[in-house]
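Next come the chains, spelled out residue by residue.
There are 2 protein chains.
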Amino acid sequence: IAKEVAKLLEMKAQLGGDEGKHKFVLKTPKGTRDYSPKQMAIRERVFNAIITCFKRHGAEVIDTPVFELKETLTGKYGEDSKLIYDLKDQGGELLSLRYDLTVPFARYLAMNKITNIKRYHIAKVYRRDNPAMTRGRYREFYQCDFDIAGQFDPMIPDAECLKIVHEILSDLQLGDFLIKVNDRRILDGMFAVCGVPDSKFRTICSSVDKLDKVRAGALGCNCRCWSFSESLSLWAALTMVRENWLENADKHRVVLVPPFLWRGGTQGTAISFDLSLARGLDYYTGVIFEAVLLQQENDHVEEPVSVGSVAGGGRYDGLVGMFDPKGRKVPCVGVSIGIERIFSILEQRVEASEEKIRTTETQVLVASAQKKLLEERLKLISELWDAGIKAEVLYKKNPKLLNQLQYCEDTGIPLVAIVGEQELKDGVVKLRVVATREEVNVRRESLVEEIRMQTNRP
Amino acid sequence: IAKEVAKLLEMKAQLGGDEGKHKFVLKTPKGTRDYSPKQMAIRERVFNAIITCFKRHGAEVIDTPVFELKETLTGKYGEDSKLIYDLKDQGGELLSLRYDLTVPFARYLAMNKITNIKRYHIAKVYRRDNPAMTRGRYREFYQCDFDIAGQFDPMIPDAECLKIVHEILSDLQLGDFLIKVNDRRILDGMFAVCGVPDSKFRTICSSVDKLDKVRAGALGCNCRCWSFSESLSLWAALTMVRENWLENADKHRVVLVPPFLWRGGTQGTAISFDLSLARGLDYYTGVIFEAVLLQQENDHVEEPVSVGSVAGGGRYDGLVGMFDPKGRKVPCVGVSIGIERIFSILEQRVEASEEKIRTTETQVLVASAQKKLLEERLKLISELWDAGIKAEVLYKKNPKLLNQLQYCEDTGIPLVAIVGEQELKDGVVKLRVVATREEVNVRRESLVEEIRMQTNRP
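Heads up: the sequence lines are chains R and X, in that order.
Take the first sequence: its position 61, counted from the start at 1, is 78 in the working numbering, and no numbers get skipped.
Take the second sequence: its position 212, counted from the start at 1, is 229 in the working numbering, and no numbers get skipped.
Don't take each hint at face value.
Which copy is meant is left open, so a pair is good if it fits within one copy or across any two.
[Unchecked claim] DSSO-like mimics (lysine-lysine), calculated; alpha carbons at most 27 Å apart, straight line:
| no. | residue 1 | residue 2 |
| --- | --- | --- |
| 1 | K197 | K217 |
| 2 | K141 | K105 |
| 3 | K105 | K343 |
| 4 | K373 | K55 |
| 5 | K373 | K346 |
| 6 | K130 | K47 |
| 7 | K414 | K72 |
| 8 | K72 | K217 |
| 9 | K442 | K396 |
| 10 | K417 | K447 |
| 11 | K55 | K44 |
| 12 | K346 | K396 |
| 13 | K130 | K346 |
| 14 | K413 | K55 |
| 15 | K87 | K413 |
| 16 | K343 | K373 |
| 17 | K105 | K20 |
| 18 | K44 | K105 |
| 19 | K389 | K442 |
| 20 | K396 | K72 |
| 21 | K87 | K99 |
| 22 | K217 | K24 |
Rather than coming from a laboratory, the hints here were simulated on the basis of the structure.
Whole structure, please, built from the sequences with the hints as guidance.
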């Protein structure tokens, strides 16, 4: 009976779908967007810069499913857990969409008993946040994560993460940036001296992280933390640091900024120690950092909420142990590049510069000037494809030459290979350079080589 | 109050998570898997072959969100709709995970009023099916789609889709394959003559599509269709085709296999017209096709269910119109490469061949033979990174040279750059070729160039 009911409901849904098909709103879900070919071209540039950097640092790559068992995510994100997307219970396991790439990474390490890896992972994550899409904040967004897991000498991998942020932001030429650095152990020391109970450390961290938002939104519930932070003097902070933390200096050596971070090309850039940096996530246990852009493209727009944060990360030595059946720890440190914000900036820049971005790589259009040459065009393009040449043909039986040339102008195709009855008889193809309108007859057997030479893509 | 309750529930969930953290099953959700670095290396090879082909044919690329409004997917997949993953109603819009890339593509076209595009899209899709993961069937799996949308002369874009399947399967060297081709209009003609009411056409198609499964599984409920199909003689079929379809031959010209598909290199390959091919999806309206591998890697394993289907597609002229407020149609034809099956085959092949796959591209390890040279190693590697050299360093203050050399052997790093006190004094670096154990002193300012030359990666 249940099966029959389901079938009827399904039919009803289908009928409903048909009846209402012209009524529903034609849109993507709230906080999400499509990428057009032009946006994809910009996105691939950014990805290339980031992946090149990750590979330069010897990272492997992994991938994990878009959803995890709900319990895998439970208890990892503190009060932000309310932003997790759950899947409907359709029988079977309870699932949630991944909230970041760090928890799936820790689950992966524990599950496969890996104690030593340097990996990157680029994928979409999901947060039921209130999106501000014009500022590059979405509910579905990419994270580009680089993490180093393993028991190593202090601060060497941590410093490499900072170096990576520095390299990527420099490569992308986003203007001046500042990398703020702090340490959860310092914050914990401060909280302890202030009399905050241990159990509240993470909540307070999360609140400190939202200070900017509090200032902007004047949310009553968080004001206590805000004034707590305001009243905290540097003297108090430093005392606490000394008492609670630096006594273990040998164990937790502060080599936050090793010499190699300061070599060349750091004009206009700075790494600064910032006691107000807290980071929202629960799982950090040591160094934390965040990169912000200093010069915004839209300086005239008031943007009080986390202006220009484009990367963040830190050390999380306890997370893998939460998954391991015996609680074995694997120390980890990592960085996440938040590229939606970077996309937005580069998109605006392309928009402003009127730079013409090609969305295909086609080298040659196979065209004809006369009618009834469809089969000859298809035969030629097939030869070109088989030789690895990027080629297109208009899907018309008898296209006009003018339309074919116009198509090249519109899409940036640099060459046209024209077949005609005379050319077929002579065993040649007329090769036209779109930009200069030069035409030259090329022997058919030399055509592939000639196209390669002209487009310089062997 | 609701907010407080939510907060308490959240706290309870967290406590539960902490208590039970060593009890829960450490796994990925049913029907999903992680990709290890080695699997990713194979996956990237396959993607490269596919993307290269799509670009060779002049396709642009787009991306869409992983979930759509539930109503966007409603009424598009017939009885398979029950396999759609719904998200939990957490307030706001009702959402579902995408089931394929075709419906989101149609939604994208209608939403942006695009009437003419050739695009590819590579992304994961989701089906609550019963997975058979050993055979490369998952609940989360990649599709690689290539589609041509627009009003064109008959069969030219359709034939290009077949050409693409042919090129990709040839490139990947998966062995002999067969591309089966049919046309929904022929099937509809047959159903009409058999007295099947119009409203049942799609259901019957779906049943015909499952014939193989029926044969294997002997599912009682589908047996009617099975015998229906068996009893259908070729004569009846051809009569129906003539009567219902070929009278419009000029409009719907059958150029299923244009000459260019038959040029060179088709030994062991065939494109065959197959009346039993139906395809499961509701939205096809013309040509349909499916590629199957003929020689399985595991010939000894009995695999009666859809053996080796690795690509499929067809024409769907009505789908975009279902989204357009005015019902305007955009004719489309496309192909989807199902690469999970291909991954499985290539993984098995790599396994069997004991081919050593590198999972990083690191060119050089920066090492030292003496103690207290951490800062010098970091300084040198920083120079190399800034020059674009892919380099690694062990995260130890004083690693042993033997361990550093062993690391290169294990990971396939071809070169070691060794700094020592004497080398620092002399302004040189000792460059060691791991394979030959040859060592040569290189002046520090020539090191980058020397590494580039030796690894042949400018």
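Hints and how they fare:
1. K197 x K217: This pair counts as within: shortest intra-copy Cα distance 24 Å, inter-copy 64 Å.
2. K141 x K105: both (20 Å within a copy, 19 Å between copies)
3. K105 x K343: neither (32 Å within a copy, 33 Å between copies)
4. K373 x K55: Classified as within; 10 Å inside a copy, 38 Å across copies.
5. K373 x K346: Close neither inside one copy (51 Å) nor across copies (30 Å); limit 27 Å.
6. K130 x K47: between (38 Å within a copy, 20 Å between copies)
7. K414 x K72: Between copies only: 23 Å across, 47 Å inside.
8. K72 x K217: neither (39 Å within a copy, 54 Å between copies)
9. K442 x K396: within (15 Å within a copy, 66 Å between copies)
10. K417 x K447: For K417 and K447, only the intra-copy Cα distance (16 Å) is at most 27 Å; the inter-copy one is 65 Å.
11. K55 x K44: Within one copy only: 19 Å inside, 38 Å across.
12. K346 x K396: neither (62 Å within a copy, 31 Å between copies)
13. K130 x K346: So K130 and K346 pass the 27 Å test inside one copy only (11 Å; across, 54 Å).
14. K413 x K55: within (26 Å within a copy, 45 Å between copies)
15. K87 x K413: Neither: 52 Å inside a copy, 37 Å across copies.
16. K343 x K373: neither (57 Å within a copy, 33 Å between copies)
17. K105 x K20: both (18 Å within a copy, 21 Å between copies)
18. K44 x K105: Classified as both: same-chain Cα gap 22 Å, cross-chain 19 Å, threshold 27 Å.
19. K389 x K442: Answer is within; shortest intra-copy Cα gap is 15 Å, inter-copy 77 Å.
20. K396 x K72: between (41 Å within a copy, 19 Å between copies)
21. K87 x K99: Close inside one copy (12 Å) and across copies (22 Å); limit 27 Å.
22. K217 x K24: Only across copies: K217 and K24 sit 15 Å apart there, 51 Å inside one copy, limit 27 Å.
This entry does not satisfy hints 3, 5, 8, 12, 15, 16, going by the numbered hints stated previously.
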